[in-house]
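Novice: Listed below, chain by chain, are the residues.
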Amino acid sequence: MSTDRERVLKVEGKPASLGPDLDIGEFTREAKAWSACPVPLLPKDIVRQSLSAGIRADEKDRVGTYFQIDHSVVFQGIQKVFEGKIDMMSTKYAFNKYGWFKDYWWKLVQADTDKYTALAERNWDHGYFIRVLEGQKVTLPLQSCLFISKDGLNQNVHNIIILEPEAEAQVITGCVVHPNVQKGLHVGVSEFYLKKGAKLTFTMIHNWAQNFDVRPRTAVFIEDGAKFVNNYICLKPVKSLQMYPVAYCKGVDSKVRFNSILYGGGNSYIDVGAKIVLQGAGSRGEVISNAIASDRAQIYARGLLVGEHSESKAHLECRGLLLSDKALIHAVPELTAKVGGTELSHEAAVGKIGEDQVQYLMARGFSEADARSLIVRGFMDVSIFGLPDELKDGIKRIVDEAVKGTL
Amino acid sequence: MVASLNLLEIEDLSVEVDGKRILEGVNLEIPEGESHVLFGPNGSGKTSILMTILGFPDYKVVSGRIRFDGIDITNMSIDERVKLGMGIAFQRPPAIRGVKLGDMIHNFLKSDAKAIKKEAELCDALNFEKEFLSRDLNLGFSGGEVKKSEILQVLAQKPKFAMLDEPDSGVDIENLSIIGKVINNFLKESSGLLITHVGYILRYVEVDKSHVLIKGEIACSGEPIKILDQILKEGYGWCEKCLQINKSWCKNVDRQRKSIKG
Numbered sequence: 001m002s003t004d005r006e007r008v009l010k011v012e013g014k015p016a017s018l019g020p021d022l023d024i025g026e027f028t029r030e031a032k033a034w035s036a037c038p039v040p041l042l043p044k045d046i047v048r049q050s051l052s053a054g055i056r057a058d059e060k061d062r063v064g065t066y067f068q069i070d071h072s073v074v075f076q077g078i079q080k081v082f083e084g085k086i087d088m089m090s091t092k093y094a095f096n097k098y099g100w101f102k103d104y105w106w107k108l109v110q111a112d113t114d115k116y117t118a119l120a121e122r123n124w125d126h127g128y129f130i131r132v133l134e135g136q137k138v139t140l141p142l143q144s145c146l147f148i149s150k151d152g153l154n155q156n157v158h159n160i161i162i163l164e165p166e167a168e169a170q171v172i173t174g175c176v177v178h179p180n181v182q183k184g185l186h187v188g189v190s191e192f193y194l195k196k197g198a199k200l201t202f203t204m205i206h207n208w209a210q211n212f213d214v215r216p217r218t219a220v221f222i223e224d225g226a227k228f229v230n231n232y233i234c235l236k237p238v239k240s241l242q243m244y245p246v247a248y249c250k251g252v253d254s255k256v257r258f259n260s261i262l263y264g265g266g267n268s269y270i271d272v273g274a275k276i277v278l279q280g281a282g283s284r285g286e287v288i289s290n291a292i293a294s295d296r297a298q299i300y301a302r303g304l305l306v307g308e309h310s311e312s313k314a315h316l317e318c319r320g321l322l323l324s325d326k327a328l329i330h331a332v333p334e335l336t337a338k339v340g341g342t343e344l345s346h347e348a349a350v351g352k353i354g355e356d357q358v359q360y361l362m363a364r365g366f367s368e369a370d371a372r373s374l375i376v377r378g379f380m381d382v383s384i385f386g387l388p389d390e391l392k393d394g395i396k397r398i399v400d401e402a403v404k405g406t407l
Numbered sequence: 408m409v410a411s412l413n414l415l416e417i418e419d420l421s422v423e424v425d426g427k428r429i430l431e432g433v434n435l436e437i438p439e440g441e442s443h444v445l446f447g448p449n450g451s452g453k454t455s456i457l458m459t460i461l462g463f464p465d466y467k468v469v470s471g472r473i474r475f476d477g478i479d480i481t482n483m484s485i486d487e488r489v490k491l492g493m494g495i496a497f498q499r500p501p502a503i504r505g506v507k508l509g510d511m512i513h514n515f516l517k518s519d520a521k522a523i524k525k526e527a528e529l530c531d532a533l534n535f536e537k538e539f540l541s542r543d544l545n546l547g548f549s550g551g552e553v554k555k556s557e558i559l560q561v562l563a564q565k566p567k568f569a570m571l572d573e574p575d576s577g578v579d580i581e582n583l584s585i586i587g588k589v590i591n592n593f594l595k596e597s598s599g600l601l602i603t604h605v606g607y608i609l610r611y612v613e614v615d616k617s618h619v620l621i622k623g624e625i626a627c628s629g630e631p632i633k634i635l636d637q638i639l640k641e642g643y644g645w646c647e648k649c650l651q652i653n654k655s656w657c658k659n660v661d662r663q664r665k666s667i668k669g
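Read top to bottom, the protein sequences are chains S and F.
Residue numbering for the first sequence follows the numbering used here, starting at 1 and increasing by one per position.
Residue numbering for the second sequence follows the numbering used here, starting at 408 and increasing by one per position.
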């Protein structure tokens with residue numbers, strides 16, 4: 001492997017700079033092997049759960065599917081018409097298949113960042129590899145499901161997405177646990193490369209469990225004229241979730257947008273941010289984060305914009321809604337300008353539901369409870385994501401169901 | 408002859424907000440089928456009357472009562488009053504992110520084929536782009552768009568009694584005529600209370616009676632055009648004097664009554 005193992009081994013005990021520290025020894029590496037099978041033939045409860053994260057077992061309106069359970073790849077493939085145009089397979093297969101693959105491996109995320117990247121380096125359990133070939137514009141989504149079926153399990157995936165020049169794609173990925181799973185640790189390393197003129201909309205839905213820990217490590221590299229949209233939804237309680245994905249707008253006129261909708265319930269500890277580094281002339285970035293905290297949840301909503309080019313511009317918006325006096329939202333918007341001419345701005349607003357809004361809706365005939373629920377659902381409006389209809393309606397349903405269940 | 412039934416009856420209503428008296432002994436009756444207009448300078452309490460009629464919790468009724476359609480609604484919640492058939496177009500509604508104007512309209516019209524047709528008719532009548540229905544409520548709306556959106560919601564609701572708070576403020580002349588005609592058509596078939604302090608909307612809307620509110624009290628009531636002419640000529644200062652004269656006159660009347668009784 002291309003990384004220096006010794007260097008990585010040194011950080012095996014190194015806590016992450018943010019989020020509660022975890023004892024990795026508490027989680028098991030023992031998982032039964034799942035054999036390959038078409039997604040609709042998987043156990044019904046698995047199919048149902050994955051649907052709650054936007055994954056369609058029938059593959060309707062989906063161009064390709066990657067399905068991983070625990071440490072096993074159960075399905076990987078694309079529709080026939082896209083063969084030779086799109087790759088969709090486990091990163092382990094891609095590693096062996098393509099000589100050039102190592103040029104993209106641990107290049108954006110450093111394996112010696114913390115104990116979680118070190119863990120993913122030492123115990124690598126597949127992950128998806130998606131590559132859209134030059135000039136291919138795929139309007140229907142590609143879907144990927146990372147499923148955990150065993151309680152207490154540690155799953156470490158390492159994902160790579162490459163969009164060759166002028167390629168366009170929609171990717172939806174769902175991370176889901178079986179209803180019987182309470183505890184576990186998921187580490188996901190993701191490195192995405194958008195080459196000249198490429199466009200990627202990446203939508204990730206997380207459905208974890210109350211006692212589950214999650215540590216994604218993501219970095220994105222954006223070349224000339226390329227555009228990356230990252231949508232993130234996390235609605236179910238989780239024990240701890242810490243991630244701070246970074247996008248490097250390297251190219252001229254490169255663009256990035258991070259949208260997130262977080263609903264923290266129970267005792268969830270959520271520390272989620274987005275970092276944008278503007279390096280190219282005309283590069284643009286935007287972070288929009290909507291966070292709701294109920295029960296005793298703690299949410300840290302971070303954002304960091306770094307202007308390194310004199311012709312660059314980015315904006316950060318962080319909105320927080322507090323539904324309980326025992327919950328907490330801490331917004332941390334940060335701007336770093338390294339050169340004159342870069343325009344960086346932020347807005348942050350955290351508070352309770354406005355009584356004027358509730359009363360307004362009551363004057364339109366809604367009961368107080370319905371008015372509050374409407375405002376909360378509005379706060380999690382997915383139309384900011386700019387998704388195609390094939391994804392939008394399904395995701396809106398997922399959000400509506402989640403809100404109904406929590407209010 | 409049977410006296411026409413009052414749809415709205417306000418009796419000796421006094422109201423406080425944050426401990427401060429904002430309405431004092433207001434009496435107002437609006438018979439079924441009639442529409443009235445409420446004049447008054449800025450800060451006289453016009454909007455406060457509407458908020459109190461609708462039951463906004465910040466407006467504490469310290470004395471008096473409100474009856475609507477024969478029912479005492481003084482202590483009812485806002486939504487209960489709306490269910491009885493009240494509707495309102497606010498002057499300055501709050502923006503609500505993610506909640507669409509269409510969500511409001513669909514809540515009133517439900518969602519069958521008929522409703523979609525009705526919705527299109529209403530948008531047409533107000534010269535409103537249909538794409539507006541998918542925008543976040545009042546977020547980044549212009550002054551005219553706010554008014555139209557508010558009126559659109561009232562039309563979709565079709566209340567027995569509509570309260571319209573300054574539908575003419577900040578509206579350009581073309582839109583004033585559109586809004587005015589729509590309101591007039593609507594009020595022909597229901598009842599309402601219209602607030603205006605400049606009176607522009609009355610070029611298009613016929614009303615039955617007007618009242619002038621000064622410092623939280625009704626200074627006079629009468630024929631709309633006459634009163635508006637007087638206000639335009641003399642300003643609200645004249646009404647203030649009028650209120651003082653009325654009061655001293657009333658005190659004299661009280662004294663006389665007492666002396667008669669005595």
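Derived by calculation from the structure, the hints in this document are not laboratory data.
Backbone N, C-alpha and C fix where the C-beta goes; we use that ideal spot for every residue, glycine too.
Do not rely on the hints blindly, as some may be mistaken.
To be verified - Label-pair ranges, simulated between beta-carbon atoms: (1) A527/F <-> Q110/S: 53 to 61 Å; (2) R472/F <-> K326/S: 22 to 30 Å; (3) E343/S <-> K588/F: 45 to 53 Å; (4) E26/S <-> P501/F: 44 to 52 Å; (5) L133/S <-> D531/F: 29 to 37 Å; (6) E355/S <-> I632/F: 18 to 26 Å; (7) E343/S <-> D476/F: 37 to 45 Å.
Novice: With reference to the structure, classify each hint as holding or not holding.
Specialist: How the hints compare with the structure:
no.: 1; hint: A527/F <-> Q110/S: 53 to 61 Å; in the structure: holds (57 Å)
no.: 2; hint: R472/F <-> K326/S: 22 to 30 Å; in the structure: violated (40 Å)
no.: 3; hint: E343/S <-> K588/F: 45 to 53 Å; in the structure: holds (46 Å)
no.: 4; hint: E26/S <-> P501/F: 44 to 52 Å; in the structure: holds (48 Å)
no.: 5; hint: L133/S <-> D531/F: 29 to 37 Å; in the structure: violated (49 Å)
no.: 6; hint: E355/S <-> I632/F: 18 to 26 Å; in the structure: violated (40 Å)
no.: 7; hint: E343/S <-> D476/F: 37 to 45 Å; in the structure: violated (58 Å)
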